[in-house]
Every structure is written in C-alpha cells, then in structure tokens.
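Protein chains: 2
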Amino acid sequence: MKYGYFDDARREYVITTPKTPLPWINYLGNEDFFSLISNTCGGYSFYKDAKLLRLTRYRYNNVPADTNGRYYFIKHGDTVWNPAWQPVKTRLDQYECRHGLGYSVFRSSKDGIAAKLTAFVPLGRACEVNQLVLSNQTDAIQELTLTSYVEFCFWNAVDDASNFQRNLSIGEAEVCGSDIYHKTEYRERRSHYAYYTVNQDIDGFDTSRDAFLGVYGSVERPKAVWEGTASNSIASGGAVIGSHHLKITLAPGESKSFIFLLGYAQNPQDDKWEALGVIKKDRAKAVKAEFATDGQVEEALNQLKQYWDRLLSAYSVESADDKLNRMVNIWNQYQCMVTFNMSRSASYYESGTGRGMGFRDSCQDLLGFVHLIPERARQRILDIAATQLEDGSAYHQYQPLTKKGNSDIGGGFNDDPLWLIAAVAAYLKETGDFTILEEPVDFNNDHTKAEPLIEHLKRSFDYTLTHLGPHKLPLIGRADWK
Amino acid sequence: MKYGYFDDARREYVITTPKTPLPWINYLGNEDFFSLISNTCGGYSFYKDAKLLRLTRYRYNNVPADTNGRYYFIKHGDTVWNPAWQPVKTRLDQYECRHGLGYSVFRSSKDGIAAKLTAFVPLGRACEVNQLVLSNQTDAIQELTLTSYVEFCFWNAVDDASNFQRNLSIGEAEVCGSDIYHKTEYRERRSHYAYYTVNQDIDGFDTSRDAFLGVYGSVERPKAVWEGTASNSIASGGAVIGSHHLKITLAPGESKSFIFLLGYAQNPQDDKWEALGVIKKDRAKAVKAEFATDGQVEEALNQLKQYWDRLLSAYSVESADDKLNRMVNIWNQYQCMVTFNMSRSASYYESGTGRGMGFRDSCQDLLGFVHLIPERARQRILDIAATQLEDGSAYHQYQPLTKKGNSDIGGGFNDDPLWLIAAVAAYLKETGDFTILEEPVDFNNDHTKAEPLIEHLKRSFDYTLTHLGPHKLPLIGRADWK
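Keeping their order, the protein sequence lines are chains A and B.
The opening residue of the first sequence carries number 636 in the numbering used here; numbering runs sequentially from there.
The opening residue of the second sequence carries number 636 in the numbering used here; numbering runs sequentially from there.
Chain A extracted, bound-state conformation:
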C-alpha cells in the first residue's frame, strides 16, 4: 500500500489518501506560536508552552482517531465535506496533502467544487493562517455554505482535561464582527486571549459547542452545519468554540478566497480592557490587518520559504543517491529544527502536558541544529545552564514558558550535567564563539548565584567525579536507561 511520495523539488511530502494508517503530522511555527497539523487537518496549537498556554483542545487516543483540529465544513446541496476529509469523512473526488517546511497544503474536490487550504504560522507572528480558496469548476452557479470550527482549550491543558467541576462553568467568549475572541479567565487571572477570525463579513457564528453540535452531537455531524444556519451563540460556561458561517455564491469558473487566522495576543495587565467587560483587541486587529489579502498571505508564505532556504543552505550534500541527498539536505535538518522547537515535549504521543523540555535531551538535540541557528543555540545553552543547581547536578526537565526546573520530576539523573559540556563543545566547534564561556548564568534561576558558563561546566564535571561507586565508575543515579 502506497500512501504518498517525496516531491524533492518542492521539498514536500505528498500524501495521496486521507486514510493513512495513523495520522501523519506536520509541525508549524518557528518561534513562539506552534501548531500540529495532520494530513486530515487534526491537531492543536499553543503559544510557547504546550502545557500552560494551549489554544485549542485536542483529544489524544480518541475515537474517532485524531480529533479535534481546525475544520472547514462545505455544505453543497445535501452533501457536506471537508477539504481534508475529517471530520465528516465524505468520500472526496480528489485529495492531496502536501506537508512542506513549516506549512501544509490540502487540495481536494467534490462535485465540481475545488478547495485549496494552505496552513502555516508566519514568521514573527503569533498566529496560524488558514487560507481557503474555493473554486467552481462547473458550468453552473453554485451556492455553498462554509462553516469553520475550532474548539478552544482553557489554557492549562492539564487542568482543562481534569478539573471539570470548574472548567465546565467558566467559559467565556466575545464576538465582534467576524472576529471571535476566547477569553476564559481573562477577567480573573489572565491578560491574554485567543482569536479566530476571517477576512470577510460573515452570515453568523457560534461560540457554544452545544449550540453548534447539538447536545449529544458530534463533530462528524454538527447540527449547525447540517441545518445550514448558525445560532449566533455566545458561550457562557460549557465548551467554547469558534465557528464562522458564510453563505457563498460561485459563478462558473469563479474562485473565492477566505483567510482565517487563529491567534494569541497578550495585553499589559493594567491596560487590558476596552470597556467594562470588553477586552482590548488592538493587537489582534493589527495582526488581522497584516493578513487581510491574498497578496499579504503569499508574501508571508514566501518569507517562510526563504527562511527555510536560508537555514538549509548552511549544510548540504550532493551525491549519486537521491535518498541520501533528500534526507541530509531536507528532512533530517527539518526534523532537527522541529526538535529544537518542540524539544520532544509536544506531539501526538508525547502530549506536551507532562514533561516540559529535557535537560539531557535538549543538550543532545542541539548537536543537530547548532549549524542552522547558532544564535538560538547559544540562547538555548544559557537557558538550560540556568536551571543547573549549585552542586553541579541538574533538574531533569524544565518548563519552556517559565524556563524553570521542573521539581515534580526533580533531579538525580546523573548523566544530565555532562551533556551540557557536550552541547557547549558542539557550539564552540561550530561558531568559535568562546565568549559564551564568560557569559554569567544563574544557578537554579537565581540571579544572585550567577557564575560564568565555564564555572557551570566545571561543576558538571566535578559532580560526576565526586559521585563514584565502589569501582570508581560514575553513579548513574535514577537515569531512565539504567
């Protein structure tokens, strides 16, 4: 069974059926905003930290597999379908998913309507762009309804999936024109919000999951989609979703484009209200203005492609073996960058809710990307070293948002500190930048205990030397591979 192929010229992997044995996912985002997206548009988004600032709710190990996601429902006569098959799973006349470097493109068609959905996280912006182009390939005028859907997570992904007696009562949303704002806990303890918007006037919206799906309803068959009408619901408790409802007429041969944004914005704590109970929206509006036209989206996507051109140009091989070239020049390096971004903490199997980033892992991973992003590797080294304890030992993990050691897991994995030396050595070999050794770095994130990085390395080494067993070999401690 063949499910797809590599397109080396475009540096894409092309999936030709939605029914892969497991979801095949891509990772969007390069700095602070990240999304996972599968070949059927499943996945979730977060800002900086998959545990603490989760934007959308995902259900791991779910039935049906790989729900939720960002979903676009197209109702055309009595048929409802999605450009990426899920969740309705209507048989498509055509389907293709291209996972590229930091973006995914879905092309599909059904009954003479073609859809092209492009998803990416633009450089320097905390949002995911979903550009959907619908085309009428028939000789007749076609009437459609287009309905969007995301389900918001209440920020802390662990609490969101366990503290139901609380989180079923606190959901809040706000709608302003085509812009849907998720603001649960904004009033009480947060100054950040999520937004989901489209660059068009809409014919309706929903923010209450129950109103949209119907009680006992499923995302495979949302009530609002099948009934062809939104209920303009404002969630107050329950589950908060974002859904836009658009009625569309396409002349023969006509195409229309819709630019959806799912974004994160943070206000200053003392300047977060526009009016009583109305959140200040200028940051979201500014981003929306940057992605209001197809030209702007195309430009942002081009910048993203140039960014990857630049990254991958640092190191390449040309051999007689296409497969070797492909892996060395594209996918291994891409994987290393994904590992830099996610540090193995967020995937479909590592839920992003438990472990944060590994001390050992992140030091090891650095060897794979130091040549791509030496400046960011430098910062990563300093972040990791700042969680080290004064005696040279280390927290096994740290949380990406706070950059502090994770005391739930604690330390005592005695190989951890040595990997810091390996990481710094790799950085020095790549850059020759010996100034990093003089950089003052906290111990245990305490500024008063800062010492030059070289002192951290010495303590790492000393800790190993002074923790030996009866055979004079270093004690492993509680390392997971012992």
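Accuracy of the hints is not assured; some may be wrong.
Which copy? The list can't say, so a pair holds if one copy fits it or any two copies do.
[What the hints assert, rightly or not] Simulated pairs of lysine-lysine, DSSO-like, Cα-Cα distance not exceeding 30 Å: (1) K710 x K858; (2) K745 x K858; (3) K858 x K637; (4) K1107 x K891; (5) K724 x K683.
The hints are simulated quantities; they were obtained by calculation from the structure and are not laboratory data.
Starting from the known structure of chain A, fit chain B onto it as the hints suggest.
The following block gives chain B in isolation, referenced to the frame of chain A:
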C-alpha cells in the same frame, strides 16, 4: 419539557427520553466495585479507587457527550440500534430508563424487537452484571446480530490519559471461549486482571479497538457491527476492548436472555499463571458460575433490593407531603450512601483522577449515613483518623486504595482536624459505642505512632487552640473557602 418522573412504589426515577439536557447518572456498587451508568448506558467502572484501578476508559467532556460506556449493538436487517440509544442514536420506537437503588433498567424497542437491559453490581462480588433480554414481538422469525463493547482502561486513569508514548504500546488481551481478559501490565507489574464475559457460546469477538471500529472509525458506527462480522482480533498494543459477537434467531414471541459480566479479579503474586503467558482464571470463572442463569441474576438482584430495604428501614417519615416522604425516605438517604461510597471523588464532573477522598468532606458526609451503616461509619472514622499527623493537623485528602494521606495536596486546611470531632460525636450519639474512643489509631499511617482515638480528638482540638491569630481566632490556613 418533562424528561421523567418518580415511581415511589418501586423507588425508581423513570427517564422517558434518552435526550436529557445532560447525562443523568446512577451509581452502582456498594463495597469495592463501582460503576457509573447514565441514562444512555455511558459511564465507567473501577475497583476501590477511581484513579488507581480503573477498569474502563471514559472520556470526560467528550464529543459526542457521554461516551464511552458498556454498549450493546443490535443489528436487525440494515438497522443498528442500542437498547439505551447511545452510541448509534437510532430513533427508538420505545425507550425507558429506570434508575433504582443500586441498579438501572432500560426498556426499549425497535421494529418489533424489544430489549430489556438490567445493570447492577451484586453484593459481595467485584463485577457489574448486564442482563439483556431480547424479545421478538412480531409474527415472523427474526435474525439479529448482537455485539457487545467495552473499552478497557490501563488501570491508572491518569497515566492512561497522558502517557501515550507508553500506553499505545503495551495493551494485552486474552480470549478463552466467551471470556475476554484484559491483562495489560499483568506480566510486568500486576497480578490483577479484568474480564468481560457472556453466558453463551459466541460467534466471534474483538479485543483490538482498531479492528472493531476500523481506523478513523467511531463508536457510533463500528465497522465490525455494520459489516456483521467480528475479526477475532487479539490486541497487541493499541487500545484493548472487549466485544462479543452473537448471531441470534428469535421465533415469533420468543425471548432470549444474555448475561454479560464485567469483572475484576486479583491473584496471589506467586500464583498468577496457568501456563506460560496464560493468566490464571479460576476467580473469574467462579464468579461467572454464580451468574450463569436468569434465576441466579434474579436472586442477586433481590438480595440487593433487600439490602436497600434494610438500610432505608432505619429512618423514615410519614407525612402528608409526598415529596417530603420521597426525599427523606428514599433519595436523600440514597445520595448519602453514594457519597459514602464515592466520597465525592468520582462522578462525571469530579473525574476521580485527582483528589481522592477529603478529610473534611468524609467527616461531614458521615453525619448523613451513620444511622444507615454504623459499623462502616466506625471504620471510616478510624481510616480518616489514621491519616492525621502527630501535631494534630491533617492531610486534606487521602487515597481510597492506599488509605494514605495525599502529599500532593498536603495539609494546612486548618478546619480539617475539628471535623473529626464532629464525626465521632455523630457516631457516639447514633450508636452509644464509646469503645471507639479507646481504639488505637495510627498517626500518619505509622503503626508505631498509634494512640487511642480520643488522643486524636484532643490533638485536633489543641491544634486549633494553638494556632490563633492576633484577634485570638483560629487561623484558617489555606482552606479553600477563605
């Protein structure tokens, strides 16, 4: 909108539509084995502890609402339906759910086939009985297929819902005749297993969720059910389910009964294998033999009803107000017993995965059931007191399986110790059994620190007296209501 009514004579609440605004649930079980069951057969089962020994997987705050459960699919021609509507949600010709005291009965019909499903946890046994009677109310022979379904949880409900990189690879099942055994981790670290069985020969089975539902399949439309054939799958990794497949012929007017059991059994650690890799099954088989006939099931249900007659006979009121009589004589006392059993730790909203049992809560709850079960109230008092610390303070919560204080939450809720005095006072007033005061009770579950219960009460009181603020009022500490 009316969804049901009280049947006071039978002491049941009768729900007349499956589409209640939220799931309306009943609590089955009286000692060690507990199940939650909704009016559409959703819910989950556990042994002693909803966090540490969860038998079946439930998805809180799910879409569709209230899935999973113990499900029975009836395929009759091209129509598939469930006796309690979910998960297929086929419109039924008749539907009724009766939530009684420790049991629930569902009666429904579709196209001339009637179903009666009786669910309860028998006294003294660690299993849930599901007796399903199918009747042909037509004048013709009818051919049906009956398919059962539960999805097993991998015991620790928190790990099961977070540690996917591990738990997607460890699932194990065993099938022997009509008996399906869930034995994940039995080999490595457990000596207990779950079983799901039926008192009939079967025509097939499934234990792999993917095989049963189909990849990307849903429990609303399992592949095996619609195709009318099981694949006799043995799960090896992935999700482990239990599903029996039975082909049934019913003559006009004929009824057939099927007794399904979902149970828990524990073997001695040093005597857990029947043969290499084959678990020892004698305990499950012994329970199965006790519920092999309709007569046995009827007898067990009668015993359960007598148990409740006895409990409720201790305290009753007769007044001119039916509603007062109903609440005092039946439902308030039933609720108190459910609170004794679950101690607010497992419901659809309190997930049973976080808090264990509350020190304060359990002391307060005792006031509601001490007259019903004075001997068990006595034990509950001793269990709670044994988690108290030597200085008189208390863990705020303790885990029902281990009966040890929960150090994640810790103590410092300064009202906690005083509630122990209130609980003991209630027990003394009800029973006059002052011997409890002399009973030796551990501090912090340490036998070497045992002191008579009266000493615990003194320390509770002293702790309050010695922790006063500037106005000589007791310091609240970190109590949740301050």
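Is the C-alpha distance from K1107 to K891 at most 30 Å within one copy, between copies, in both cases, or in neither? Intra 72 Å, inter 73 Å, cutoff 30 Å: neither.
Reference check for the pair K710 and K858, CA-CA at most 30 Å: within, between, both, or neither? Result: close both inside a copy and across copies, 12 Å intra and 26 Å inter.
Between K858 and K637, at a C-alpha cutoff of 30 Å, which is it: within one copy, between copies, both, or neither? Classified as between: cross-chain Cα gap 23 Å, same-chain 36 Å, threshold 30 Å.
30 Å Cα threshold - placement of K858 relative to K745: Classified as both; 21 Å inside a copy, 24 Å across copies.
30 Å Cα threshold - placement of K683 relative to K724: Result: close neither inside a copy nor across copies, 32 Å intra and 41 Å inter.
The structure fails to meet hints 4, 5 from the earlier list, while all remaining hints are met.
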